[in-house]
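Residues per chain, in single letters:
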Amino acid sequence: MNIDAWIEFAEGPLFGITFLVLVLGLGRQILLQLYFLGVKKGRRLKRVPWKDITRETLGWAVPIRHIEPGTGLFSTSSYVMHVGLLVIPVFLVDHVVLWESFLGIGLPAIGKGTADILTLLTIGCGLLLLGLRIFRARHRLVSRPSDYVLLLLVLLPFLSGYLASHPAVNPCPWNVMMLTHVLSGELLFVVTPFTKLAHVVLFFFDRISAVHWQLRPGAGDRVAEALYGEEVKI
Amino acid sequence: MNTRVRMLKDVLWALALAGFVAGVFRLWFGLGATTNLSDAVPWGLWKILNMVAGVAISTSGFSMGFLVYVLGLERYRPLMKPAILVAFLGYGCSCLALLFDIGLPWRFWHPFLMWNEHSFLFEVFWCVTLYFTVTAIELAPTVFEKLKAEKATRLLHRITFWVVIVGISLSSLHHSSLGSLFLVTPQRLHPLWYSALLPLLFILSAMGGGLMFLVLVRILHAHWYDRKAVFGPTQLERELILVRSRSLADSVNAREVGRDMPMLTGVARVATGILSLYLALEIYHLGHAEAWSALLAGTWESWLFGTELLITAVIPILLVWLPAFRSSPTALTVAALSASAGLLLNRVDVGIFGYFRSAGEVYFPSLAEWALSLGVVAAAALVFLAFVEHAAVFSPPPGTNAVRRGVDVSFDSLSRVWHTALSSGPERTTLIAVLVVPLAWACMYPPYSSTHPAEVREASRMDVTGERLRLDGDRGGVLTEFPHAACQKRLGSDSSCVSCHHMSLPGDTTTPCARCHRHMTEETLIFDHAYHIQAVADSLGLEGARGSNQTCVSCHAAESARTTATAKACVECHGEWTKVYAEGSKDLARATSYLEAMHGTCLACHEDEAEKRNRPELRECSTCHTSLTPLGAPGPVLARRQ
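Protein chains in written order, with the numbering used here: chain P, 262 to 495; chain S, 53 to 694.
Keep in mind that the hints were calculated from the coordinates and are not lab data.
The structure displayed is predicted, hence computed values, not measured ones.
Here a beta-carbon is modelled for each residue, glycine too, at the ideal position from N, C-alpha and C.
Check before you lean on any hint, since a few could be wrong.
[To be verified] Label pairs and their computed distance ranges (CB to CB):
no., chain 1, residue 1, chain 2, residue 2, range
1, P, 407, S, 294, 50 to 58 Å
2, S, 617, P, 327, 23 to 31 Å
3, S, 512, P, 361, 21 to 29 Å
4, P, 377, S, 594, 19 to 27 Å
5, P, 456, S, 574, 35 to 43 Å
Isolated chain P (complex conformation) (with noise of 0.2 Å):
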């Protein structure tokens, strides 16, 4: 198989597979948490303070108040860098056509302009994360493995888009740049589900079980552990 042919294949079955994998898992992710909140809180589900949940939530998408002293460089750059996760995929013009043809489904594309410069940003800001989470003690500290590998993993699709479509800053073919681009994306869709990358659908249920998605599974418990001791009920 040439390159050519690849490409066609990594857009077309391959494709298909990988967005199915993506919808299957994060919808999975959803029925269990609904799932699960029905377990718990059983007849009681009524009591949920929806509206705080909903206000708390929605008040994070301007996350002002919650800037820490000294975390502010890394707030802001994760931020915006979320801003582009979000818009470029959706957005971008070549993405919509691709989705009209794919989904059926048309909908409004951002200049090439703003789609450049907001790629760039969301590069830069990754990297510069990257960087904080590497060199900055109060960052590392919190930082596991995944976290490193996942925030390259999500770059990469960006970075083989963006050079793809500049081709007086690609240094490789055009092809091999665009096959790059089409495989990245997809493994970005298989890994999403499973890892922590699916905060973006289960970030909606973080005010419902009042916390947030990085702490493992279990982490309150040592940390009651470490600081009360074993028996301590909490």
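Chain P is fixed; fit chain S onto it per the hints.
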């Protein structure tokens, strides 16, 4: 839940989900795209393995009913509930698989209203439907007990006897008529299996094999949930008892096999009794039909028949009746497994393998057929396990409660994050779904795995004179003789070339149709992108990998999405090479389907001429497709092929 049961359930879930995907594809794309069935072998896995064999293996419902209710053998009563459950699920899966097998599934209810009383299948349909209802009624008390609906339970218990009697009559009716079904194909079914005794052979093997399958089910349940009930204490426990034994009773206890063994041996003896009758009848059939020569012919059929007889009847009978094996749980397991497998093999032989020789082709089920077939069975097994775990189907071991199973949701007490260990049901099952469904999709999605090449074959027999072209693009047998020279002359000799050869590949004058219109029914992308990148770079004098990357904007507008639709039209560069037949068609990168191209080119002219010259036959299919019968001629118009 122990690890072994969990792994079993994982596998069952995976199979059931793959079956679900196969079922969706069957309804979406039809039988032709998803199965390997053909006119020569129209009865495949779903009909034979799931329906004919599935119904046969779940006969224990009525044979146990006969033993317990009619003959009053109360010692077998503990096996009554599992027998009914097996019957209910067996018939349920048969009906489900059959629903996917019939051409128009939404018409499954037709035999209720539209009666064809001459058909064996009509009787089978009614008996299977009614018997399925009967098993549902028989099973209902178990469900109601669980739901604590006492009134309904009492009412059902009162009518049980009569329901069982109805069940027995219905079962014995349709098992024999399933055998009768194959009587209509004496020329096609191999003589080893074809026999006037088929109805009798079918019901006897079903009764014997079905009871053996019930024994197998009990043993498997013991294997996974309650080992001691059949296999007795383990080696270690035995030694412990012997070490500690202070009385004779204890040491006897240590040697004892499981408490259910006597009951199972009893059932197995009844079953093998029936199977010996079956064996005798088969031998009689061989002698009577003079099929001995076929058995000794050494063909693969004779080997298959011999194996089938061996594992269906001979091995089980020996294992159950020889004194050396009589009290061994392992021997009983092997006997039950062998008889059940033999029964399945028998039905597959009669329904599938026996037809290969006369059909002249070998049928191997497609992946989707396997998936649906096994998926339905796996789903039934999951329902079985759910029943076993939630309702008292098997008598629980003394002194223990039934397996308690609940969703174990634990919260981290500080973070309130749910523990996401994959131990509990829904998390594990949904994870399997997320992994299996896309995989099954990739393997079975018909467009990904089309076995029929859609590539068009080029026209042949264009001899030196260019007289006649022979067209059969999809090798479908509908032949077209195209009078190339005559048409050319009629349209104006040399100047007429471009009216058909509307576009030629660079350096070519009359490119053949199939070189661009490569697909029979879909359009083809004929534009070679990689080649153009390099060619444009060369012509502009750009060098190296980065050079060829600069060529995007030579064809694509800088500001819009870079697709075929927004690219420069081919004729803008290749104007002098390309004769554009249809004015205004900008997108020459895509060639229409072969079917559309050929019909489009000829038909417009033919229809005009038919009108002008008052020669309506010019419009007819058979004018060009010479293998078809002309309109008005005797015989079917489109059905006759070369």
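Hint-by-hint comparison with the structure:
The given range of 50 to 58 Å is respected by residue 407 of chain P and residue 294 of chain S, whose C-beta atoms sit roughly 55 Å from each other. Checked against the hint of 23 to 31 Å, the C-beta distance between residue 617 of chain S and residue 327 of chain P comes to roughly 45 Å, which is inconsistent with it. Range check, residue 512 of chain S to residue 361 of chain P: about 41 Å between beta-carbon atoms, so the 21 to 29 Å window is missed. About 23 Å separates the C-beta atoms of residue 377 of chain P and residue 594 of chain S, a value consistent with the hinted range of 19 to 27 Å.
Checked against the hint of 35 to 43 Å, the C-beta distance between residue 456 of chain P and residue 574 of chain S comes to roughly 38 Å, which is consistent with it.
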